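Chain by chain, the residues:
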Amino acid sequence: MNPTKERRVFLHSAMALISSLLLPSTVFSRWDANAYNKIDITDSIFSIGVTNPGDLIEANDAIDISLPEIAENGAIVPITVHSKILDTKRIFVFAEKNPQPLVSDYIISKGVEPFVASRIKMSETAFVHVIVLANGTFYRAARQVKVTIGGCGEE
Amino acid sequence: MLAILLAFMHTQAVGTPEEDRAVFLSTFAVNIPGIPVSQYVHGSMMLSTDALNQYDSIMDFPPFQEVIDRGQEIWETPFKNGNTFTECFENGAVNIAGKFPLYNEKLKRVITFEMALNSCLEQNGEMPMNYIDPETMGALSAYARSLSDGMLMQIEVASASAMNKYELGKTLYFRRIGQYNLACASCHLTNGGRYFRDELLSPTIGQAVHFPVFRGGERLYTLQMRYQRCMEAVGAVPFESGSEALNNLEYFHSYLSNGLPLQSSVYRR
Amino acid sequence: MDKTVRFRVRLKDNVADVKIMIFHPMETGYRRDKNSKEIIPQHFIHTVNIAHNGEQIMQVHWSRSVSKNPYLNFRVLSASEGDEVTIAWNDNMGQSGVGKAIIS
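Chains as they are written, first to last, in this note's numbering: chain A, 103 to 257; chain B, 321 to 589; chain C, -18 to 85.
Heads up, a few of these hints could be off.
Counterexamples of contact, computed for chain B against chain C with all Cβ distances above 10 angstroms [what the hints assert, rightly or not]:
(1) 354
(2) 467
(3) 476
(4) 555
Simulated crosslink set (BS3-like; lysine-lysine; CA at most 27 angstroms straight-line) [unchecked claim]:
(5) C/18 - A/199
(6) C/81 - A/191
(7) C/18 - A/212
(8) C/-16 - C/81
(9) C/0 - A/212
(10) A/186 - C/0
(11) A/212 - C/-7
(12) C/0 - A/191
(13) A/191 - A/140
(14) A/199 - C/15
(15) C/-16 - C/0
(16) A/248 - A/186
(17) C/0 - C/81
(18) C/-7 - C/81
(19) A/191 - C/-16
(20) C/-7 - A/186
(21) A/248 - A/199
Please keep in mind that the hints were generated in silico from the structure rather than gathered at the bench.
Note that this is a predicted model, so its numbers are computed, not measured.
We put the beta carbon where it would ideally sit given N, CA and C, even for glycine.
Make a model of the complete structure from these sequences and hints.
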């Protein structure tokens, strides 16, 4: 490694150390209209900060997702996410075939467990992707949910 | 082909209400062996853990709570004359819904719980509600029925004239109607507990105890609104909610669920 | 205080399991009015800020893909009886609401 690079690496680490002391440990942000308006799943995932598909680490074992196999009604699909990854900072939920795939995101501070349960709308059978941001790395778990048209006698 | 035809034929139950109930019970014991009758209240969800998990999750904190709360407001708001709904019912309307529908000997007709709510309004100089309006009768019924949650269905057929109405209800239950030429019994007695395409047909026993339902967690249906949807589903013009035909049907239909606990305002798909 | 937010809180071993429901249409903008046939405009909560004793502990971003009358379950750490949990929501039409609960 040439001396200039070493110096740059050292300065970068020093800055990182100083930054982490000055900035609050959790950064809350505004609702990201750009990300939420994307209509393609790949674009959606890029829009949250994933720069290359290879940057996403598959982590089905480290992210617990509870979802139905067959949704009783696509308008109200219960989902529970528990991240076992250390220093989980953010949890993103996508429904791949929704008109806008990014469903919700949660910014997690040290004051809460990296756990969230909610109810989402799914327009059709699709994979639900949960992406966790921890230590600057994006981790993903995915599960398919089948969505049928409503029950007997429903419109 | 013959098997399909046979699957949709049915014999009308003949006998006393208890004998009728026994016929229904034995049919379901054959169609869904090993499933306790107490589970029948879960209807089309009863064979799927996946469906029941979603049901439990949603019922833990139901999105339609605001409708029940609105019903409570209606229930607790005094009429112009200062009276409230509680005075119209015995026991302040706590643990009474399981006795409805009942046969009123003086009026010579079947009275449903929703009719009793409307009678209360009329007796107190207020306008009766529209039986199919989810904002008024739907919400009110959702709350008022909750006062009887847990009570066992206990319909009585105590006289010859009551029996006459019960029989009228039973006849409608077994009558083929609509473009599909199906009777309630075709799906829910003969094939109660069996699959029709990807739907599990709910058995008759266990149906009447869990109303109103909120389909998709938001669309309110009283029991008679549900009868109407079923009639439309087989291509028939439905009877009106509050009509004698549906009141008699509800009388017969509810009797069959005697002994099962009431639970109002439930989630359905 | 707001009637739009419902709470259910259970405290165990310094962790408060909090369930909330916010009564809100979460309208997607894809539905048409049955009578007028007009599109019902988008109307949804986009941000929920959650605080514990006045300090923000979580931020929620929602979209039209979240179910009507949205439900949320989260767990507050280092929680004690008497602590206050505050929910502040904002929607795309500029409406907002606040709900508070005391942990007991």
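Do the hints match the structure? See the list:
1. 354: holds, 34 angstroms
2. 467: Holds: least Cβ distance 21 angstroms, greater than 10 angstroms.
3. 476: holds, 39 angstroms
4. 555: At about 22 angstroms from chain C, residue 555 of chain B clears the 10 angstroms cut-off, so the statement holds.
5. C/18 - A/199: holds, 26 angstroms
6. C/81 - A/191: holds, 25 angstroms
7. C/18 - A/212: violated, 48 angstroms
8. C/-16 - C/81: At roughly 10 angstroms apart (the allowed maximum being 27 angstroms), residue 81 of chain C and residue -16 of chain C satisfy the hint.
9. C/0 - A/212: Cα-Cα ~19 angstroms, so holds.
10. A/186 - C/0: holds, 21 angstroms
11. A/212 - C/-7: holds, 18 angstroms
12. C/0 - A/191: Holds, at about 21 angstroms.
13. A/191 - A/140: Since the Cα atoms of residue 191 of chain A and residue 140 of chain A sit roughly 23 angstroms apart, the hinted pair holds (cutoff 27 angstroms).
14. A/199 - C/15: Distance of about 26 angstroms is within 27 angstroms: holds.
15. C/-16 - C/0: Answer holds: residue -16 of chain C to residue 0 of chain C is near 15 angstroms, not above 27 angstroms.
16. A/248 - A/186: At roughly 26 angstroms apart (the allowed maximum being 27 angstroms), residue 186 of chain A and residue 248 of chain A satisfy the hint.
17. C/0 - C/81: Satisfied, since the Cα-Cα distance of roughly 12 angstroms is no more than 27 angstroms.
18. C/-7 - C/81: With Cα atoms ~19 angstroms apart, residue -7 of chain C and residue 81 of chain C stay inside 27 angstroms; holds.
19. A/191 - C/-16: violated, 31 angstroms
20. C/-7 - A/186: This hinted pair holds, its Cα atoms lying about 20 angstroms apart.
21. A/248 - A/199: With a Cα-Cα distance of about 11 angstroms, the restraint between residue 248 of chain A and residue 199 of chain A holds, given a limit of 27 angstroms.
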